[in-house]
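> These are the residues of each chain, in order.
There are 4 protein chains.
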Amino acid sequence: QIQFVEDKQEFSKFPTKTGRRSLSRSISQSSTDSYSSAASYTDSSDDETSPRDKTQVNSRGSTDFCVKNIKQAEFGRREIEIAVQDMSALISLRKRAQGEKPLAGAKIVGCTHITAQTAVLIETLVSLGAQCRWTACNIYSTQNEVAATHRGAGWRGESEDDFWWCIDQCVNTEGWQPNMILDDGGDLTHWVYKKYPNVFKKIRGIVEESVTGVHRLYQLSKAGKLCVPAMNVNDSVTKQKFDNLYCCRESILDGLKRTTDVMFGGKQVVVCGYGEVGKGCCAALKALGSVVCITEIDPICALQGCMDGFRVVKLSEVVRHVDVIITCTGNKNVVTREQLDRMKNGCIVCNMGHSNTEIDVASMRTPELTWERVRSQVDHVIWPDGKRVILLAEGRLLNLSCSTVPTFVLSITATTQALALIELYNAPESRYKQDVYLLPKKMDEYVASLHLATFDAHLTELSDEQAKYLGLNKNGPFKPNYYRYYWSARLEMQFNSSSFPPLA
Amino acid sequence: QIQFVEDKQEFSKFPTKTGRRSLSRSISQSSTDSYSSAASYTDSSDDETSPRDKTQVNSRGSTDFCVKNIKQAEFGRREIEIAVQDMSALISLRKRAQGEKPLAGAKIVGCTHITAQTAVLIETLVSLGAQCRWTACNIYSTQNEVAATHRGAGWRGESEDDFWWCIDQCVNTEGWQPNMILDDGGDLTHWVYKKYPNVFKKIRGIVEESVTGVHRLYQLSKAGKLCVPAMNVNDSVTKQKFDNLYCCRESILDGLKRTTDVMFGGKQVVVCGYGEVGKGCCAALKALGSVVCITEIDPICALQGCMDGFRVVKLSEVVRHVDVIITCTGNKNVVTREQLDRMKNGCIVCNMGHSNTEIDVASMRTPELTWERVRSQVDHVIWPDGKRVILLAEGRLLNLSCSTVPTFVLSITATTQALALIELYNAPESRYKQDVYLLPKKMDEYVASLHLATFDAHLTELSDEQAKYLGLNKNGPFKPNYYRYYWSARLEMQFNSSSFPPLA
Amino acid sequence: QIQFVEDKQEFSKFPTKTGRRSLSRSISQSSTDSYSSAASYTDSSDDETSPRDKTQVNSRGSTDFCVKNIKQAEFGRREIEIAVQDMSALISLRKRAQGEKPLAGAKIVGCTHITAQTAVLIETLVSLGAQCRWTACNIYSTQNEVAATHRGAGWRGESEDDFWWCIDQCVNTEGWQPNMILDDGGDLTHWVYKKYPNVFKKIRGIVEESVTGVHRLYQLSKAGKLCVPAMNVNDSVTKQKFDNLYCCRESILDGLKRTTDVMFGGKQVVVCGYGEVGKGCCAALKALGSVVCITEIDPICALQGCMDGFRVVKLSEVVRHVDVIITCTGNKNVVTREQLDRMKNGCIVCNMGHSNTEIDVASMRTPELTWERVRSQVDHVIWPDGKRVILLAEGRLLNLSCSTVPTFVLSITATTQALALIELYNAPESRYKQDVYLLPKKMDEYVASLHLATFDAHLTELSDEQAKYLGLNKNGPFKPNYYRYYWSARLEMQFNSSSFPPLA
Amino acid sequence: QIQFVEDKQEFSKFPTKTGRRSLSRSISQSSTDSYSSAASYTDSSDDETSPRDKTQVNSRGSTDFCVKNIKQAEFGRREIEIAVQDMSALISLRKRAQGEKPLAGAKIVGCTHITAQTAVLIETLVSLGAQCRWTACNIYSTQNEVAATHRGAGWRGESEDDFWWCIDQCVNTEGWQPNMILDDGGDLTHWVYKKYPNVFKKIRGIVEESVTGVHRLYQLSKAGKLCVPAMNVNDSVTKQKFDNLYCCRESILDGLKRTTDVMFGGKQVVVCGYGEVGKGCCAALKALGSVVCITEIDPICALQGCMDGFRVVKLSEVVRHVDVIITCTGNKNVVTREQLDRMKNGCIVCNMGHSNTEIDVASMRTPELTWERVRSQVDHVIWPDGKRVILLAEGRLLNLSCSTVPTFVLSITATTQALALIELYNAPESRYKQDVYLLPKKMDEYVASLHLATFDAHLTELSDEQAKYLGLNKNGPFKPNYYRYYWSARLEMQFNSSSFPPLA
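Chains as they are written, first to last, in full-length UniProt numbering: chain A, 1 to 504; chain B, 1 to 504; chain C, 1 to 504; chain D, 1 to 504.
Do not rely on the hints blindly, as some may be mistaken.
No distinction is drawn between identical chains; accordingly, a pair holds when it is met within one copy or between any pair of copies.
[To be verified] In silico BS3-like cross-links for lysine-lysine, where the CA-CA straight-line distance does not exceed 25 Å: (1) Lys-107 x Lys-201; (2) Lys-344 x Lys-314; (3) Lys-286 x Lys-241; (4) Lys-314 x Lys-286; (5) Lys-241 x Lys-479.
Hints in this document: simulated from the structure, not taken from any laboratory.
Build the full structure now, drawing on both the sequences and the hints.
Structure follows, in structure tokens:
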């Protein structure tokens, strides 16, 4: 059952945003950063009036927006300026492409988390010639002060109904017909597809950020109902590598410290799953003096773990002795109640993997166990004999809930999105059919190259002779475009899986 | 021009083995370990009589072999016993499959480096039911004492003519018609294809180890002349990962120490190329206190280097100051004469990458520079002002020439070869066409799993519920078979390249 | 001029607590953890009545205390329980010594930071037989809810006058005459010495925690006016090693993340000073992918830095290019205005070393620079051309201000304090003269051994034969008592220094 | 019993050099490098004539020397030139002090290992004005080709009688009366003290390299019979740090690879002892992917091990499972026969610690065990059931026997020796009494500073204001001279030990 096609539901029947968020979040980590860090800088004013009922005017005299409090725009501007400092690639893109205005005529409607980093993206798109309207892909994540700085609709804590109303405001406005979509989760695409089929047909391209949204696009494509070329930027290599390996390497430390102040040195840690996320967690903890072992189901990853210096064990073999348990498998019930029963007093349990399925949290919601919330995002679950297990973020993603994502990583995502929009908007018609595409390898490499300046890194250029010897173009791409194949192969496995339950 | 098809040359017209060896070696590192370590344990007896002119009898009274000195068999046996200690996966395979004799009836002719580890492979094949005849794929690499322990032909230092004669001895013997080929470099396959087309047609499968041999098979396949299924084991993931990342991580240290006794701590090192080989070299040297920077042409690899903590520079920017330069690019003339001129006194230059092309050694063969051989594999090249550049292995592969490959890695290769032979010999006819295949992902995983015992690693098994959730079979494969696609994409680029010059 | 002796000042003339705190804090990091972490869990109730003016009754019906709000005792109890989980060494000491009650008869007056960890110490002392009264050594650091759980006086935000009043309350109470002092900073000792000379003479021992307090004791001793044996626990080896190397290794990461969310990977960092603190910072940042270089004045430390893989540079050589500057020198004006002028936009500057002297913050308080407080503890200092330098904690200690100290480290400090009290209280009179002592090596080792259980570490025991061979007692000490000499040598240098300005 | 005083033995009664060597070697690692590396470059000519019976003339027409073969001088010169490349500190010292000739008039007799690095030292001393005569401190370590390049006596493989004869030749020659001694082991000092008491009295200073020699000097001093100032350079901090931590970090890898070609990745290793040597071994192996645990007797070192990420275990707990066992304790019988019996097949056992006492090798010399020498320095000890334990260097020091010491480390030693000679020769009479001294801290720092150029390291200089603030002289010393105290404390413990058995 293909959601885009079959879904006939009304607003109130949609799955709650919370549930859907965590699904998308598991891969598209960068798109949800705002939960932890930004939240603290946003106002907690007591104004309970719905923005839909307010009349506000911005500094240019316009009323074409719907935000919590337009007066916060100045504060929002400051947050944007801070973000700009770590997004030099995007600024550099602005400067390089500013003259040609490659997005002149583009009318982009965007539906992503509304954060300072997103604002830098929007302002980049505008400086390249585009007009933009923006709405929030998540009801909890909007930085209200940033939302106050640009045209669009959305606020932190909006209702489900508000959510769809805001999307609608950005699509259906007099004198405005979008011709490009930038989406994170597929809700905007869904809305246009269902409610405005005529607008949908005239869209020149969709850029989709999240694994959920990509999945929904593939379903549509498989059903022969995707009439627009779409670009899957979730699977671009720079994003994958940064979001998983490198960011997790840093955020596992940050998340544990902010919640528990635990000392890493000497701690016995078991990391479940040795994929990219697990590799990042293991590397960081080992580097800080923890004694780390891993669990794996795949012998090849297990063998890599061995060579990297980690004992490969079954969780049940070590569960009695370890100080910290971190799940990074993408699987469900990796930590079971039976294992929770056997943990030692003070054991910390948390999840860096997929959604909130990895730890069987539900199994601890039983009468004999006492839950004590000791800090924000930290529960002590207390056994009858007094043993305490320290559960973080109720088993949801630790780095989403309890740490931040560096602006630099968000810059990679935003730059990739901008390039994908430029590519789809400017490509000759013959280049992209009505299908889902990966970003061409060369543009992936271009995103990377724009970010090298941050590190003062100097690329070597091939001589003519060397390029000929290697059979490469001097300007790249330097690696083959095999990721499309990769995706196909991966998708084939996922369609057999129940981890993407029928969304309708 | 496809070599297998067009080549009409006679023995003497073949490219010299030396040239070809280094080509194949660049990827199939494991197959050439014998150069350094084993060499020292081999006899240096003065017997100049050609083995072809000798009559020797082994302990079982047979004369069906042609080796340097049959009396060394006992010494060879001891070397084999040492090797067995680190090849427990192969022994384990022996035990598991011994009862079924999956190779009963197989007549395998092999052409690989003849080393103690190869002998363990041969004896494994025999214990699984096969008959074997073996010959050397390289005129310099045979461990004579090991060759004395089994049926076949080859000796260290044989001539080109001897080389092809030995191959012929193993293919064309009365009462013996091979039905399986295990090759390393493609020379045996070529010989059978050209000289014994009738034998070739009856072959049930070819297993090829080297990148050169695989390339030649693809050429044959593309020309529609491959009438036998072939298995490319060079690209199996366990082999790639171990040969490149992990082995280079260890062998860069070993190679530098054995040649120069250099202290790593505090040394300024530039590693050219940040692929798997470069990553291994960088990790090891950084871990031992060197200050490492890298050069790259590919912005994605460069960005990885940045995140891993290495400065990305152009060689020319740092060449005046660094203590050690290591090439790992697969490219040519990465270190030029102009750069060599600018190096400081005592700079060490060596190659861990491809063939012997990376350092422009030829450019230093000029009258104004004096070459002084100070140790085996170590030359001081002396400039007119007295400056010395320390060149290792004359720019050939450092780890081939100056360090050893752990038996454990060779065990992975040998186990993969054995499984590929079993698979091709036993597969239903419909499974493999007349094409080049990668080892099925599941068998790749099986090779890995056989090696986990060495590390006392315990795999976690999926529950039924988890397998269903992930859409996986509980016994694997756990990753998709996308490598075939990968190979195709890679090949496409390589065909445009001049690094595989026309072999005919 | 010796402060204890000459000081005639009244309350109001004392240096402000703030100024003094930072001095003591620079070494005794553990004693001030409460600033950052604990602060957030303490009430921010609006009750403005001074505790001195309130009448409160605790759950046992007593009024013998003076705290902010006795009703918070239950909340305080929970914080103590959390702390107990990471202080198993202290609990273990309780159990081992409980039977003998080695502190029976001891009347201990304590003046330290009042935190949950301190409460665990107090309760340990009580369970070993002591009576205790406690007061705060710092006007800002008290966890009010913890203060509510025990007998004593002090609250967060008390005035200077309150500070001395609270001390006086703990010393001079009807029916209570202290015979042991546990001090952190020397203020309590000073008070007793000056105001109650008769009490002072009957004290059986002083245990001093901070470098400032130790310095003041040595001054007294040098002047021949110390009539009580004192124990310097600041310089015990477990404390030094943990407070400096290991804690800084973790807190540099924590402090930077909590304030700036900076990504460590690829960042260019300069660490000024390669002592234990610098070594910890460098190790952590290198491990997370930063490119780290160091500055040093001492060639031996510089050579260690080289061998550990860090470039040794002058700050002025790299100041234009680096992303982060961290001072760990113990020196003053290590970062000057001239260097601040040359930093690049977005450079982060912070201090992990001594006091608040290392960065010349005062030099930036000039009209042409704009200060913008962007977050708590984070200032953007903006140059006329728009360049921003990001200054953390206004140049005060980053880990004091912006990160937390693990309870495990505080456990080491508290255990050492408890053992020092036991030793001084029980030692035969002849053992300690009226002088300042280091904890005997054997007790230092005992503190370490009590903490090994946390790591499930198993010590090896010497056989009789081995002990004889090594000339050691089987139960230790395993290292010589040379630290006394060390201290003397160090002190000699410090007396020539102006970093301990005349306190009077 | 003080050896220098009581010893009445004749030549033949001395302990064999082999035994004594290993004792001195355990700390003075650098002085014995020649065993492994240099050995291979030395001639193995068959000339059996004793050098004492030959008449040879050098290129300057002199016969005042006694070496194996004067014709090798040219080869020796080349080895010296190679060494010079890594000894830039010594060359720099030459240049700085050449003008003043601070050793003018010095007649130095030296007794150390005769290697290329020693030759660079000798030539440095000569260029500073000294006359030198040199002899070997070890009967096996002389590089004959280097010995041929300077005035002195000694050859590889000389007898005990030759040994003392060579010493005598250097002390007692017509027209030559030494006034300075540079010794390694104390044999030369002993000889002069006993045989030429009148010469001894006129000596202006003794510089001693080894722990054994230093111990003997302290004995003499304690007995009141040392009539000459002596300098203990063994305990200078640069030498200690480099010889133990940093060198072992590199040589453990080198030694294991050269002997066994073992792959480090994934290996389970136990390191016995976590002092500086153990720390170096652990760091290197962990960095290369081994799973390392440690054993310790001292709880403080154990706690450091915990924080550094190593499990602390008893050997007996893990001995059944580990792949490699490395002893670094300084103790005896750390690995017992009972434990050897329990090791698994293929376990590698080696010693990086003290002498040859750590592994109870003698216990394996029993009839039921078979010893098989499989390579140089590698024995398989075979149990009746076929189990093999791989013993390296028969339990002697692995890095002495099977790896090399970088020239850079020897440069530190040699520079320290040179400075000590200069200091003793030039110091005003009042500065040094008839006692054993450590090198003044400032000179230790000067040695370090001379070596910084190798790493292009730039020291920061204190401003006047900063120096005053810290109470330091701008030119150092930067650390106190507390090592003298340290040594006294350490010595106290050692005198109770049996590890320095009565030498007489």
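> Against each hint, give a clear statement of whether it holds in the structure.
Status of the hints after comparison with the structure:
For the homomeric pair Lys-107 and Lys-201, the shortest alpha-carbon distance inside one copy (14 Å) is at most 25 Å, but the shortest distance between copies (64 Å) is not. Taking the shortest alpha-carbon separations for Lys-344 and Lys-314, both the intra-copy value of 17 Å and the inter-copy value of 23 Å come in at or below 25 Å. In the homo-oligomer, the alpha carbons of Lys-286 and Lys-241 lie at most 25 Å apart both inside one protomer (20 Å) and across protomers (19 Å), since each shortest distance falls under that limit. For a Cα distance limit of 25 Å, the shortest separation of Lys-314 from Lys-286 qualifies both inside one copy, at 19 Å, and across copies, at 22 Å.
In the homo-oligomer, the alpha carbons of Lys-241 and Lys-479 lie at most 25 Å apart both inside one protomer (15 Å) and across protomers (18 Å), since each shortest distance falls under that limit.
The structure is consistent with each of the numbered hints, conforming to all of them.
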